[in-house]
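Listed below are the residues making up each chain.
Number of protein chains: 2
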Amino acid sequence: MVPIGIIRTPFSKLADMPIQPKGAADAEGRIIIDERFSEGLQDLEGFSHIYLLYKFHRAPRIELTVIPFMDDLPRGVFATRSPLRPNHIGLSIVELIGRDGNELRVKGVDILDNTPLLDIKPYIERFDRVEQSRSGWMTAGDEEVRNKRSDKRFT
Amino acid sequence: MVPIGIIRTPFSKLADMPIQPKGAADAEGRIIIDERFSEGLQDLEGFSHIYLLYKFHRAPRIELTVIPFMDDLPRGVFATRSPLRPNHIGLSIVELIGRDGNELRVKGVDILDNTPLLDIKPYIERFDRVEQSRSGWMTAGDEEVRNKRSDKRFT
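Which chain is which? The protein sequence lines are A and B, in order. By our numbering, the letter at position 90 of the first sequence is numbered 92, and the numbering carries on one by one without gaps. By our numbering, the letter at position 39 of the second sequence is numbered 41, and the numbering carries on one by one without gaps.
Bound-form chain A, shown alone (with noise of 0.2 Å):
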């Protein structure tokens, strides 16, 4: 695996972040995409979402068992979004404003500043929306989401 690119954030440290896309709406990123990757970028443009899947660098170890930062009960770490995963493969879903050139300027980016990216995938509507779904354990309203900050657990 080779970064394609790197993902800079308004987000220096891991504690005091939003936990996801829906807590950081207004948060704008940047994505620098290696030249040698940049035409790959054709088309783009076109879709209005973005899926970014990028390496959890800051990750120091992985674990399990976590408890999520939605929650208070200790939970198998695939049934969560924790970075301490095997892999350290993190997915954001954000909003895509612009293209310039080998850059995407993007919103909603919950991610910390100086991300290596390893992928970017169009969200296309027709493949992705899921009509009806069960959350487990994930009872948390839209406005506990937009609200909640990362802590120091998982650095």
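Among the clues, some could well be false.
As the list makes no split between identical chains, a pair holds if one copy fits it or if it spans any two.
To be verified - Computed cross-link-like contacts, DSBU-like style, restricted to lysine-lysine with a CA-CA straight-line distance of at most 35 Å:
#: 1; residue 1: K109; residue 2: K57
#: 2; residue 1: K15; residue 2: K57
#: 3; residue 1: K154; residue 2: K24
#: 4; residue 1: K109; residue 2: K150
#: 5; residue 1: K15; residue 2: K150
#: 6; residue 1: K150; residue 2: K24
#: 7; residue 1: K15; residue 2: K154
#: 8; residue 1: K109; residue 2: K15
#: 9; residue 1: K109; residue 2: K24
#: 10; residue 1: K24; residue 2: K57
Don't read these hints as lab results, they were simulated from the structure.
Start from chain A and add chain B according to the hints.
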């Protein structure tokens, strides 16, 4: 990156596969998680849908410009879901039917048999639902997505 398990599906050849979970709604698969990571599956059954991140292990090369299955024009690879992307990481949202120890039963697999699994994340409606979006070049209807099958262009 180490595989955390293996994905077993009815699809053993790259051609003639469904091209997305929506095209494979009835296709069932099994995910066998490596015993040393099975503790991390706790609480996953509470979620009706999960993200699978996996290795496109049969992708033979990288192509920065591709013609997607659902289109006739060349597009930047990051504006498509083609396997020929840098880092060869695949992403599918599948329905979780059940768990038996370190084995998951899933539905809607558009994935090649024996694919190495890199990560599982819960689909959390409160985090992941996109209310309004624009899907660029992708103009195909639901029925076309359901019926489309892969050919040999990415082999």
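Results of checking the hints against the structure:
1. K109 with K57: both (19 Å within a copy, 28 Å between copies)
2. K15 with K57: Both ways: K15 and K57 sit 16 Å apart in one copy and 30 Å across, limit 35 Å.
3. K154 with K24: within (20 Å within a copy, 39 Å between copies)
4. K109 with K150: Both: 18 Å inside a copy, 33 Å across copies.
5. K15 with K150: Classified as within: same-chain Cα gap 15 Å, cross-chain 45 Å, threshold 35 Å.
6. K150 with K24: So K150 and K24 pass the 35 Å test inside a copy (10 Å) and across (33 Å) alike.
7. K15 with K154: within (10 Å within a copy, 46 Å between copies)
8. K109 with K15: within (19 Å within a copy, 39 Å between copies)
9. K109 with K24: Both: 10 Å inside a chain and 28 Å across chains, each within 35 Å.
10. K24 with K57: both (20 Å within a copy, 28 Å between copies)
Consistency with the previously given hints is maintained throughout, with no hint failing.
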